[in-house]
Each structure stands twice: as structure tokens, then as C-alpha cells.
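Going down the list, the protein sequences come from chains E and S.
Numbering of the first sequence is given in the working numbering, commencing with residue 1 and proceeding in unit increments.
Numbering of the second sequence is given in the working numbering, commencing with residue 1 and proceeding in unit increments.
Simulated from the structure, these hints should not be mistaken for laboratory data.
Warning: the hint list may mix true and false statements.
Listed next, the stretches of chain E that the computed footprint assigns to chain S, with coverage defined by at least 3 CB atoms under 8 Å from CB atoms of chain S [to be verified]:
#1 188-195
#2 249-258
The calculated label-pair distances, taken between Cβ atoms and stated as ranges, are [what the hints assert, rightly or not]:
#3 E:A222 to S:A644: 56 to 62 Å
#4 S:P327 to E:E101: 53 to 59 Å
#5 E:Q177 to S:T210: 21 to 27 Å
#6 S:S183 to E:Q76: 28 to 34 Å
#7 E:A265 to S:D548: 49 to 55 Å
#8 S:E240 to E:R46: 51 to 57 Å
#9 E:T253 to S:A189: 44 to 50 Å
#10 E:P226 to S:T210: 23 to 29 Å
#11 S:P349 to E:H140: 52 to 58 Å
#12 E:V284 to S:E337: 24 to 30 Å
#13 S:P349 to E:V294: 48 to 54 Å
#14 E:T145 to S:G561: 55 to 61 Å
Ideal Cβ positions, reconstructed from N, Cα and C, are used throughout, including at glycine.
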Amino acid sequence: MALIRKLLKEPLTHFVLLGGLLFAVYAALNPRDTLDASSRVITVDREALLTFLQYRNSAFEPGYFEAQYDAMSDEQLAELAESYVREEAMAREARALGLDENDYVIRRRLVQKIEYLVAGAELEPEPPTEAELRAYYDEHRDDFTQDAEYTFTHVFIDAEKDHPGGMLAEAQRLLAQLRARDAGFNDAPGYSDRFPYQRNFVRQYLRPVAQVFGPDFAAQLATLQPSDNWQGPLSSTFGLHLVLFTDRSEARTPDFEEVRAQVLAAVEEDRRIATRETLLDELVDQYDVRYVDVPTGDAG
Amino acid sequence: MPGCDSILAPEGWETGVAGMKDSTNSNRRFGRAALAGCAAIALAAIPAYQLVAQQDAPSATDLFWGELHLHSNHSLDAYITDNTTVTPDMAYRYARGIPIEQPGLDRKVQIRRPLDFMAVTDHAEMMGLFTLLNRADETLLSTPWGRRAMAAHVRDPGRNGAMSVTGAGMSGPPGPDEAEMMSQIQSDAVRSAAWSVEIEAAERNYVPGTFTTLFGWEWSSVVDGGKNLHRIVLANTDGEGASGFIPYSSQDSQRPEDLWSWMSATRDRTGIDFIAIPHNSNISGGLMFQMTDSDGEPISAAYARARQLWEPLVEVTQAKGTSEVHPEIAPYDEFAEFEIRRKLLIGTPTPADAGDYARSALLRGLQIQERTGVNPYNFGMIGSTDSHTGLSSVQESDFYGKLVSDIPLSEHVLGPRPVIFPAWEMGASGRVAAWATENTREGIFAALRRKEVYATTGTRIALRMFGGFNFTAADADARDIAAVGYARGIPMGGDLTAAPAGRAPSLLIHAARDPLSGNLDRVQVVKGWVDEDGEAHERIYNVVWSDDRQLDADGNLPAVGNTVDLATGLYTNTIGAVQLATVWQDPDFDPDQAAFYYVRVLEIPTPRHSLLDAIALGIDVEETGQPATIQERAYSSPIWYTPAR
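Start from the sequences, fold in the hints, and give me the full structure.
In C-alpha cells:
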């Protein structure tokens, strides 16, 4: 609970929460069903009324309200005291009657206060050390693996167009032509039907290729070997493709230095989430939780 | 390297006509005091490198996809509707494809297709207030009102805490009673502290060539009891430049004219160019595109010139509906009933008003041009989400809603809670597509400035549109449409004039479906013009379509059909076309009449998120109160024709 404790050390927080803590102490010391004689005492003094004033105004500035208080006429002070006494009596009576129990609004309100305290607390996780970064990299090497990169161009035979003898025949004819003329990477546009997306793919991962051509095309491409010869046809959602597939880099895991920034971002993201989870876990850990005929989350 | 959905464009072609309007009136003084600050908008004052955007128009562009309207937990309304966790930095990381935790559901989510560019655009009003409180920001706590807000925040860290001290905080300039409070919790120092977080996030996530971050915010003017005049403001600068100003807010002024004056003055002081992009004109109660200025005076040439300079774009589609056209304004338009929102921000009904919709505004622009010589409404069109979840979400199959508290099925997952914008009523929309020379701040901003951008409802339809007098029918068959388009015409967003005798302008159009979405149904050209009596007219032409359908005598086309299985939510691309291209020549052209042309591309019907939710819940889609299917679409920025003097 270090972070919550740190928050509680803030003087302002302390001041605001003090009232709540006093109530808690009060409640613990007093049986709920009957109020003993001393609990029936409502002391109205300057301090009590100053606190009351500030809560009422949703503003916490002792100096300002002291001045206000001191400027009040006796009549105004009496009126203020009466309001305070009435509110205090009603609040004590409500608690004595147990009206704060089984009230889901009050319960959710309390939970929400903790949630927001936690949300605010997560903003500054501890910065990781160099060693922690390297440890994270070693443990999560797979996360930083770079997929194979593909470089290819293609000649498109459009399924929406009529080709004499059919699409496949047209593809065979063009393939023979491309090979016979030893057509290069930049000659493809001269042979192709109009492809609505990119023609050249240079050092691209397979996933965006699949997003354009469909997964079948990507799977076929992955089985080919890079070559200086035209290959195909491969089929896609749009028609057939002859490809000049010139290069594929193997998937690789970059050195730590190369991905340092990504490692840092990943660690920080993890810590932001972990901070919050840890806070809530620590909170739960303060309780002796007994499961009766109910499976527990961490049975392992 | 451009995104993989980019269309490869040719190189080495000359481009067409310059598009910026003449500047003969540029030295005219503004008559009224309210506009005095706008005097500086005279075109002569614009740095040359910005003025020549059109003359330097590129001859080769790639297609980049973006989001220019997104809120993080720095927006007051986002924070109090349960987005306490997604920072501007996380919002950028999500858009880049990095998984982040979804607020409310506490699960990791990853965007299906990363974006190429984005601006996190938090409300300028009380920007970052809650995050400043959470980290006990010293600037804020050094003031009495800041300490009061902090005390209330600690007592109640939700919406009833700090805001009980500061007020709603997004409702315009403070009254005399609030002036002291505002001078403290919205002091320049506090606003700078919040803004610096946005700057840092944009700087950290800028990867030139791969992911561009732009500096922006939302100026959230609401007038007359809930009428929306909101604008996104974008700055063409880097992190250092952005730290040289503080986002102008509606607490500074609710009047658009004052916003433009600030943009003008700030540009003169810093050399930074700005643009403002109105959105949700559909819920502006008729105020967004009036025939008058904010004081009810007829729009003057000076106003028109200021507006066309500072507001070159309009966001026409987003979560809270489309603003292209309303079915009651254009009853003949069979596709006008589409994602229409009929309620103001505060929930009261709003009738159809010509001042609310882009198409009628484009027409009004021509009419005002007839009278004053300047068109205030010659804007291009974009889409964005306006998501307040920090997640730029446009997928029908995975839509995260507008607010965290409104996430789809929130009642089923999170229990009863107040829902402000029910997710089923929201559109899983939209996107801005930019034809830019490179994916950098300079490249993207230049495309926005020259309006070579277009809107989609979330789908990634690739759309080229060029206008000119030198296209032939065979150009539609060109293997490289862009090469022909740039060589013999001008791209979308530009201007034509001086029609050669006896010739009508043609549009060279090429649309390709989103590879991950439905086929294309049809391409339409929407033309608007003003006749010699000053009357506005509009007409829709079906210009190219799929499946060998025949036009009837009135030019109408039979519906494309619908393959969506209402039981499974699946559809097939057995109808529609992958790509559609044509050269369309205006058959009703009059060289003496001002006109605009824009293109609307429709997909075949696909399942709307309301249907997919209904299937998941095992309820009838009618219970959602929303359509089962949707025809996603793209709207090009227009090309204008202005008669030669």
C-alpha cells in the first residue's frame, strides 16, 4: 500500500480524510444499536463549525473561513450552529440505525473513491533500470522478433475483365512473354491490368500483404523462393498475379540496442497496469478471504 | 514507406491549375470592430510557402489514412464518463497498432489496421484538469481555487468533486462571479502544463514516414442552449512551435470570428499556419452554415475570405451522424437517409435546416459568392470519429462507442449506468483519407490545406477524382489513373475556371473497394449550381456502377441487392465491383454558372454494428431501433467551377 500511503501523506489529503478517519474511529468505539451517554454529546465549538463551513462550501481554506467565521454576527453563528447540530444528530442517528449498511449507493461510492485514488496513483511508475530493461528483453525476446520482409512486384490479371481463352490462359501467355523478354522489376506496369492498390511491395511484412490480396495469396507467396524469374500465377480475391519475387529477409530477433525504445515502452506499459493491479492485490491481501465451496481464481 | 493500402502513384508529371482564389480584395479592411483582428487574414500576409500550396501541388501522391478528432482522458467530458486511463500518449500508441488497455472493460485491445496519421484533439476548455489534480500539479495547487478543486477532488474523485467547485467548465466564457476562479484554474501556466502533455505525446509518437502526429485541440463553442459550433483546430508545426501558444478555447470566446482572429494573430506572431475544421454541423440548430455572420449581418466578402482561409475543411461524418445531407432537405436523394442524428447535444429534437448540412452549405457558398465575389463555404470533406474512449474505433464488427460509459453492451457488462450517447445510435465512423506526397507533418498538412483529402464512414475505399477539360473517355481505362489525372487535370479540392468555348468539364474518377470490406455498388456525382436568378440547384448523377444494371429514363439505377444474412451477420462479395472507373462529362454545363462537383461512392450493404450486437445478444435487431445493414460510403472533396470574369 506504499502508494496509497504516500497519497495519504499529502497534507491536503490528510486534512480532508481526517474527518472520515475520526468517524471510523468513532464508529469502532461505539456500539451501533444504542448510543451511550457520551456518544450523545455533540460538542459545538469553533473548530467543529469551521470544519462544517468548509465541507458545506466544498472548499478547504482554513484562513479564509476563519475570517468568515470571525466576521459572523452572533445571530449568524447561532444559525450556523443549529444547522450543524441538526446535521450531526441526523448523521449519527442514521449510522446508529445502521442506515449506511446495505446501501449500494454508499457502498459503490466508497469503492469508487478507492478506484479513483488508484487511478491517480498509477501515473508515475518507477522508471526501470538498465538491468531491468535487459531482463525484460531476455524474457520477452519473441515479442521483439521481426517477421520476414518480402520484396516483390506483380502483373495483375483482373477477374472482372474478359480475357480471350480465360484468365488462366491469359496468365500463361503473359508469363511466357515476361520470361522471354526477361522483364525487370519496373517493367510490370506495361503488362498488367489495372490493379487498384499497390504494385510494388518493398520490404513488407506478410500481414499487410494479406490485408490487400487476401490470406490465400499470402500463403502461396510464403511457399515461393525468391528468384530473378517471374513466377505464378498466384490467385487472390481479385484475380491472378504473376510475381517477380526478388527478396525475402528471414525473420530475426534484433539486438537489445536496436529495440531499446520499444522495450522501454513495453516495460512502462506493463508497470502502469501492474501498479494498479498490485495496489488492489495488496488491498485484498490485508483480508483473510475464505472460500466456501467456491472455486478460487488462482487454484494453481 | 507508405501504408500498404496506398495506391502507388506515378512520378514526373506536371500538374494543373492553381486553386487558391485570387487575392484582389486582400487589402480591404474589415468594417466592424468584431472582425478587426481578422484584418490580418489578408492573403498578402500569408507566408509564401503556404500560399503556394496549390501552385506547388504535387504530381505524385500516396494515400494515407487518418483520424483528426479524438479525445483522451485529457478531455473533461471523457474523464467524467469513465475514461480515466487513456492518456494522449496511449491514444497515439493505439492508433500506431500497439495494444493498450481498454477503459471500462480492462482488456487489451489492438487496432486492426494501424493509422498513418492522427491528431489527439482534446477539448481546450479545462484541458487535463483531472489529470493535473491526480498528479497534484504544483501550478494548479499554488492558487486558492486550485486548492479548493483539489480538496473537492480528493473528497470525490469523480464528476461530483472538482466540478462542483469549477462548474461544468465547458460552457463558454466565465461570468463575473467565475472570473477569479477561471483566472486561477485556467491561468496560462495551468493551460500550458496541460498542453505540454499533449505536445510531449505527439512528439514521442511521431515516426516520419510511418506515423504522423499533428498538434490539435477542440474549440467547443455551444450557443443558444445546446447548438453545436465546435471546431477542431490543427497547427502546422513541431513540438517547439506548439509550445509557443496555448490552445484557444470557447472560454476565450464562443464566436468563430474571434477564433479566426486568434489564428491570424498567432500565425503572425509565430509563423505557424492553422486550420479549423467544423464538425457536427448536423446538430448546430442551423447555425453552422448561415447566410449571416454571428451578429446576424449578411456575410460580407471579408467574412467569406476569412472563413475560406481558416476553414478549408468540414468533418461530415463521425459517431454523432453524417452531415452531408438530410432526407427532408433532399427528398429525391434515395441515399440521404443515412446515419442522421435528429437531436442536439442536450437531447432536444432538431428539425432539418439548410444551415446544418454540407451540401446545402456548398450551395449557399455559391450564392454568397454571387453577391460578394467570395465563397465562404468552398470546403473539402473529411471524416473522423470524435471518440472519447481514446480508441479510434470505426469497425462495425468491433465498435467501442463514443464514450466509455456508452460502450456497446455496457449494461450487460457493467450493470446499469447513465448512457448519454447510446452506442447503437452512434455511427462506427469515420476516417480521413489524404493524398499526400509523404507521410510527414508537412506532407499531411499540405494535403489538408489544398483539400486533396476525402471522407469515409470508416471503410478504406480508395478514391481518385480529377477535373479538367482535356480528358477523353478512354482515360478511364488507363492503367495509371493518377498519371493521367495530374497531367491533364486538377485533383479533388481544386478549382476550374475559364471553360474553353463549347467544352464542358469532365471528371476522371477511379474508386477501389476496401480490400477488407464490401464491394462497390456505384459512384455518383453530386452537382450543385446557381442559375442566373441566383437560385440554387442540385442534381445527382449515377456515373458508373456494378453488375450490368441499366439506368431508367430518369437516370435512376436499380438497387444493387443485399447479401447480408440477418441470422449470421455474414455477407458475400458476389454482387458489386472491386473497382469502378469512368470519365464523366457534365451534360448540363453552362459556362456562366458557378458550380461544384463532388463524388459519392457507395458500398454494397454490409452488416451494421447494431445487427452484429443483436445477433450476439440473441435479440431481434429491431430492438436496437437501428438498421440491420449499412451502405458504407466515401465523399470526395469537391471541385469548383467559377465562371471567368
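Task: Hints the structure fails to honour - done: When the structure is compared with the hints, numbers 2, 5, 12 and 14 turn out to be violated.
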